[in-house]
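Colleague: In case you want the letters, here they are:
Number of protein chains: 2
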Amino acid sequence: MYSSKYLELLIEELVKLPSIGHKSAQRLALHLLRAPREDALRLAEAIRAVRERVAFCTVCGNFTEQDPCPLCVDPERDSTVVCVVEQPVDVLAFERTGRFKGRYHVLGGALSPLDGTSPEDLRIRELLERLRPPEDGGEAAGEIREVILATNPNVAGEATALYLSRLLEPLGLRVTRIARGVPMGSDLEYSDQVTLARALEGRREVE
Amino acid sequence: MYSSKYLELLIEELVKLPSIGHKSAQRLALHLLRAPREDALRLAEAIRAVRERVAFCTVCGNFTEQDPCPLCVDPERDSTVVCVVEQPVDVLAFERTGRFKGRYHVLGGALSPLDGTSPEDLRIRELLERLRPPEDGGEAAGEIREVILATNPNVAGEATALYLSRLLEPLGLRVTRIARGVPMGSDLEYSDQVTLARALEGRREVE
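Chains E and P supply the protein sequences, listed in that same order.
Sequence positions in the first sequence follow the numbering used here and run 297 to 503.
Sequence positions in the second sequence follow the numbering used here and run 297 to 503.
Relax, there's no trap hidden among the hints.
No copy is singled out in the list; a pair is fine if it fits within one copy or between any two copies.
Each computed SDA-like pair below joins lysine to any residue, with the alpha-carbon atoms no more than 20 Å apart:
(1) K397 - Y298
(2) K301 - L388
(3) K301 - R323
(4) K301 - D370
(5) K301 - V385
(6) K301 - R338
(7) K301 - Q362
(8) K301 - L367
Since the hints were derived computationally from the structure, they do not count as laboratory data.
With the hints as extra help, turn the sequences into a complete structure.
Modeller: Okay, structure coming up:
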């Protein structure tokens, strides 16, 4: 088979990326070969820079260029409420709403026996550490009074939320779960039955 | 908005890749941040190596680590027939069949007024150069007797094949077009009407 060792090596590395199959990797590799030289080298350099300059916050687990991250040290933010999410992208999603001014905690995934993700693989120990009152040797973060479970509304996320709510129950904190219901701007006609059932269950008095 | 300059730069570069939107770029960037350090650096290095070690063959236009490429200099291959394709991936596709032992010529695209691809953007001048007989100052490649037009069976590819066939007509070569018809293993029931019409038009005596 006609090929190039260097192209094959690049394809091999590209295939490791999420949702990039062999055909896509081949197309991307040939694109990088044909694209302006500076573009290709800038991409290589950007990957290197990210690994050199960006890391994860030891408090919340979000990506950051300084540790602890700006969201964890910002005195303007409410330290009494922590929003627990699966991934850094979820932090970005909440930040885009501009409606949450508390702290975050990134688990790094969700419980999934099928994928082999167990509680030890998530940043649950770090969460408990943050919730420990100061007199117990915990950080000043002992001031946390509410934990919002904002894992994804799918099987793994729901299981994780349930697991965490059981785990946090003895701590005497307010533990909440984000509302699941019909998304804004959607048509009820096209809502699946699980979502509609949730929307009924979670109904509230009109204020 | 919370972010990291280095992550943003990486996302910006990833978005330039074909069929990578902003959401995919964000997911890829965060993956590269979380993946084993060696994997990320290996990808950066592979991109750099491809740009340093791989280039395009000045004869056929395919990617190669040496110029002319192995396919152009292989004495075992038939120099009298040239298969004209749009992209290097098409060369790989024909090589996978193991049924073509001639030379290739990569155009680098297809004629498409909508995308702004005109004849000057394709390696057509280089093709004519290869077809020029040696007594005319052309290379030894003047021995070419058949040109197979193997551009894609879509609007741009058909237009390119038609354009080339008109252009090559005065040269007195055999100019052929790959057969278009029902693909092997498919159901006639699901074939579109243009393909079926082509299959009828291109019918041949049963041998």
